[in-house]
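Student: If you want the building blocks of each chain, they are given just below.
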Amino acid sequence: MIPLSAYVALSAILFMTGLIGVLIRRNFIVVLMSVEIMLNAANINLVAFSHYLNSMAGQMSALFIIAVAAAEAAIGLAIIIVIFRGKMATNVDQINILKW
Amino acid sequence: MWLLFIYFATVSVVAGVLTVSLRNAVHCALALLTLLFHIAGLFVMLNAEFLAAVQIIVYAGAILILYLFVLMLMNLKTEEQHLHKKHSYLLFAGMGLLAELLILLMLSPYGGRMGSATPEVVLTTGPSHAVGITMFSDYLLLFEIVGVFLLGAVIGAIVLAKTPAKTENQEPANFPTP
Amino acid sequence: MFELLVLLIPLFPLLAVLANGLYGSRYSHELAGRLACGSVGLSFLCTLGVFTSVLANPEPREVIAYSWIFGGNLSINLAFLIDPLTTIMLLVVTGVGFLIHVYSVGYMHGEEGFTRFFTYMNLFMVSMLLLVMGANYVVLFIGWEGVGLCSYLLIGYYYEKISAGKAATKAFVVNRIGDAGFLIAIFLIFSQFGSLDYSTVLSQASSLSTEMATAITICLLIGAFGKSAQLPLHTWLPDAMEGPTPVSALIHAATMVTAGVYMVVRNHALFDMAPIALTTVGIIGGLTALFAATIGLVQNDIKRVLAYSTVSQLGYMFLACGVGAYTAAIFHLVTHAFFKALLFLSAGAVIHSLSGEQDIRKMGGLHNKIPTTHKVFLVGTLAIAGIPPLAGFWSKDEIMAHAFVYGYYHLYALAAIGAFLTSFYMFRLTYLTFYGQSRVDPPVAKHIHESPSMMMRPLLILAGLAAVGGFLGVPPEHGWFQGFLHDVATPLGSETHEVGIGMLLGLMGVAVAIALGGWGLAHYMYSIRPQMANEWAEKSPQVYSTLLNKYYVDEFYDRFIVEPFKKLGMLWDWFDQHILDRFVNGVGKWTDISAAGITWTEKHVIYAGLNVVGYGNHLLAWSWRKLQSGMVHHYAAILIIGLAILIHLVVLWFTGSSLANSSMY
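Chains as they are written, first to last, in our numbering: chain W, 1 to 100; chain U, 101 to 278; chain S, 279 to 943.
Treat the hints with care, since some could be wrong.
As the list claims (entries may be wrong) - Just a few of them, taken from the derived set where beta-carbon distance is under 10 Å, the chain W residues facing chain S:
hint : residue
1    : 19
2    : 22
3    : 24
4    : 26
5    : 60
6    : 82
7    : 84
8    : 85
Claimed, not checked - Stretch-level coverage of chain W by chain U, calculated; a stretch enters the list once three of its residues show a Cβ under 8 Å from a Cβ in chain U:
hint : segment
9    : 3–11
10   : 39–48
11   : 63–76
As the list claims (entries may be wrong) - Over 12 Å on every C-beta distance to chain U, these chain S residues come out as not near it, computed from the model:
hint : residue
12   : 327
13   : 355
14   : 387
15   : 424
16   : 457
17   : 468
18   : 470
19   : 487
20   : 653
21   : 725
22   : 734
23   : 739
24   : 841
25   : 890
26   : 925
27   : 930
Bear in mind the hints are in silico, worked out from the structure with no lab data behind them.
Note that the structure is predicted; figures quoted are calculated from it, not measured.
In this text, a Cβ means the ideal position worked out from N, Cα and C, and glycines have one as well.
Based on the provided sequences and hints, a complete structural model is requested.
Tutor: Here is the structure:
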């Protein structure tokens, strides 16, 4: 039997990888992809716990998370397109119109 | 058993690292694809076959394709700098945080209420059946809400990405340059 | 009643002082003069009242005016002691003082400082009365200092004359030297007896050791010599003639200078315990008598001759004290007051009639031009020369007889020679002033006139007193005067030498012979052969110039005492200028530097600090501003940092020590 902590550790590593990606990358789309990695890591965690606690709640949550991820990806990419139309750039540090 | 796990886990981690570090964005997408597949495999090992299937169909088959479409629309040039200028600070900070997180996780006790869906029960009823029964009885409200949510997302995406209607003497929105 | 009279005696002149001093400029000179003379006259009447009371009851009585200092075992009151000695002094001071005040109204007529003069004169009267009436050394000293002050004020009355100012300062300074000795004596008395009252001190005088008595009395003598112008502190009296003539009469003939004699007689109990002091008194008195007489031989200023004669006569009084004849000393004091005041006032009349001329070489032949003045002056000269039956004879003879009888032959010799010289120079003065060829300047000679009656009447009264006043002390040693003073002025343990009538008459005869001899010589030298004096002067020029220059005593003092003190003063001035002032300037510079330092600190430290605070705030704001970069991934990073911190907090808070009890499975 594979201990639960292995899955949790794996989930943690993947999460941190995704987090680092969010912080490091300049390309906005890759940042969004890193967010996807984080979500997947959360999924692994949930499903592992669902399995070891003999409950279906984890799988349910994972399902919903996949749905939400889809929606979020769509919206994010739409925003990228809007920005791309205006500035012809997708680098994160070139988009600073939130500064007053 | 262990062998499978090690394979899936290692490849997942490697794919994840590649995703965040490759220069070309399309290569990153491909790495992400690999990651998704192997996570689906992990799901199978955890007796969540339905979820594995959903993962592949929705995540890898729709969301990733969407990313690829947008990437191709961007027509990006491969730039010299794909990471931030001060990325090393953040990298090391992230590594430190990871180590700390791992230690914390390893040291903390795991506990929780044991449910009633043992793997034998799931196998008997079939995984998709189990999921369906749980969703439409205990999580019905959430299901509906997620449906509305997805509707909102779709409408939002359409509104955002619409080509603005051309009016007289209107130029495309000019973002003020700092 | 008695107490009231006693208190009124000094009070009247005091009131006159206050009135004339504070408000004198608002009323006429006539009124001021009347106030002044009237106050002294009223004091004289009170004195007569006191006199009658003392005649009835000669016991010493104390009148306390004011309880001044009392605390612990020290008690000093403003108190007056009335006994026969005090009464005699009071009569002299108020009586002669009144006559001189009246004379001054005429003499100072037309002077601008008329009121000031009388204010000072009355102030002098107050001080002198305090002096003679005091019941303890403190009141005595107050009066002592007061008369010194008034002497200064009155000698320097003509303050525009530099010589007058100098003379006044000289008088005050020399007096002060005496006062220093007097103060030491007071301190010693207090340390010995614990009290300063006459009654305590004098009754316990016999408890003193000889050394302590000598110390105290020598110090007292220093004070007496300063006040009464004996050797070596005599230099101020001749120069004091710069003051107006009435001042010379009152202060430097009749009253102030006799304060020393009074003080010695009052303290005779102490002097009797110290034979050395008595000897000193006698010798100094005798030497002074001779010394001053020799100087008076050749002086050419009428007032100066009289001044030296005063010094000489004071020497007689001290001589009398030295041989134990205290009563004789007081008797001579009284007669001297009469005839010396008379001589000074008539000299003033002469000067007045000659419109200010004081040099006797420019006088002469006045006896028929100012006959009354001449007559009174002659009476005074006869009295001072010791021609019987005028007053001076009786008192001088008594002193000389006492000296001879008690065995002080050296003092007798000094007194005799002094008497001869006194007679000689007084008659010289008379001849040169009133007789012979007139040497008066022609413009002055036109205005020679007799003095007004306001001035002449006191002269006449004084002449009468000089003539008959001596009979108070007749017969010698047993007259009314001696009896009156017997209890207070007899030396302790004195043997009364009963003198045979033959010895008495013999001594009297010797005295008369001396006086007539002096007159004869003067008559010969100045009336019959006037050029004889000049021949003698040319024959021995050194002697003549020495005498003329007062034995160069003033020059000696100047060189050996005044100059070193001046140099010391200049040294202190140098010190003050170069060291103290530099120090003060340095302190000022320090203030300057520290002020500059503070300014610098304020600018560079405080303001800089404030600026730093502002700048720091600026920096802080700039660093916070960077948060709002507008770049999304920065926000994401901050988000994640915040999340990490939150998770840590939650984990550590909720699980806490259960981290230790972990179970890995």
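Student: Does each hint fit the structure? Answer for all of them.
Tutor: How the hints compare with the structure:
Checking residue 19 (chain W) against chain S by beta carbon gives a least distance of about 6 Å; that is within 10 Å, so the hint holds. Checking residue 22 (chain W) against chain S: minimum C-beta separation of about 6 Å stays under 10 Å; hint holds. Annotation: interface hint on residue 24 (chain W) holds; nearest CB of chain S at approximately 9 Å, less than 10 Å. For residue 26 (chain W), the shortest C-beta to C-beta distance to chain S is roughly 8 Å, which falls under 10 Å, so the interface hint holds.
With its C-beta approaching chain S no nearer than about 24 Å, residue 60 (chain W) sits outside the 10 Å limit, and its interface hint is violated. Checking residue 82 (chain W) against chain S by beta carbon gives a least distance of about 14 Å; that is not within 10 Å, so the hint is violated. Below 10 Å, beta-carbon pairs count as interface contacts, and residue 84 (chain W) has none with chain S, the closest being about 15 Å; its hint is therefore violated. Proximity of residue 85 (chain W) to chain S is violated relative to the hint, the smallest CB-CB distance being about 18 Å (cut-off 10 Å).
Counting residues of the segment 3–11 of chain W whose beta carbon lies closer than 8 Å to any beta carbon of chain U gives 7, which reaches the threshold of three, so the coverage claim holds. Requiring three or more residues with a Cβ within less than 8 Å of a Cβ of chain U, the coverage given for the segment 39–48 of chain W holds, as 5 such residues are present. Restraint check on the segment 63–76 of chain W versus chain U: 12 residues with Cβ-Cβ distances below 8 Å, three needed, restraint holds. Separation of residue 327 (chain S) from chain U is adequate, the least Cβ-Cβ distance of about 121 Å exceeding the 12 Å criterion.
For residue 355 (chain S), the condition that its CB be more than 12 Å from all CB atoms of chain U holds, with the nearest at approximately 102 Å. Residue-level check passed: residue 387 (chain S) sits 113 Å from the nearest beta carbon of chain U, beyond 12 Å. At roughly 102 Å, the least C-beta separation between residue 424 (chain S) and chain U is larger than 12 Å, which holds for a residue marked as non-interface. At the 12 Å boundary, the C-beta of residue 457 (chain S) stays outside the reach of chain U, the nearest C-beta of that chain being 100 Å off.
With a cut of 12 Å on Cβ distances, residue 468 (chain S) stays outside the contact zone with chain U, its closest approach being about 98 Å. Listed as a non-interface residue, residue 470 (chain S) keeps its Cβ farther than 12 Å from every Cβ of chain U; the least gap is roughly 103 Å. Remark: the non-interface label on residue 487 (chain S) is consistent with the geometry, its nearest Cβ contact in chain U lying 108 Å away (cut-off 12 Å). Its beta-carbon lying about 133 Å from the closest one in chain U, residue 653 (chain S) satisfies the requirement of being farther than 12 Å from that chain.
Interface exclusion of residue 725 (chain S) from chain U stands, the closest Cβ pair being 121 Å apart, more than 12 Å. At the 12 Å boundary, the C-beta of residue 734 (chain S) stays outside the reach of chain U, the nearest C-beta of that chain being 125 Å off. No Cβ of chain U approaches the Cβ of residue 739 (chain S) within 12 Å, the least distance being about 126 Å, so the stated non-interface status holds. Its beta-carbon lying about 96 Å from the closest one in chain U, residue 841 (chain S) satisfies the requirement of being farther than 12 Å from that chain.
With a cut of 12 Å on Cβ distances, residue 890 (chain S) stays outside the contact zone with chain U, its closest approach being about 30 Å. Its closest Cβ contact with chain U, about 8 Å, brings residue 925 (chain S) to no more than 12 Å, contrary to its assignment away from the interface. With a minimum CB-CB distance of about 9 Å to chain U, residue 930 (chain S) fails to clear the 12 Å threshold, and the non-interface call is violated.
Hints 5, 6, 7, 8, 26 and 27, counting from the list given before, are not met by this structure.
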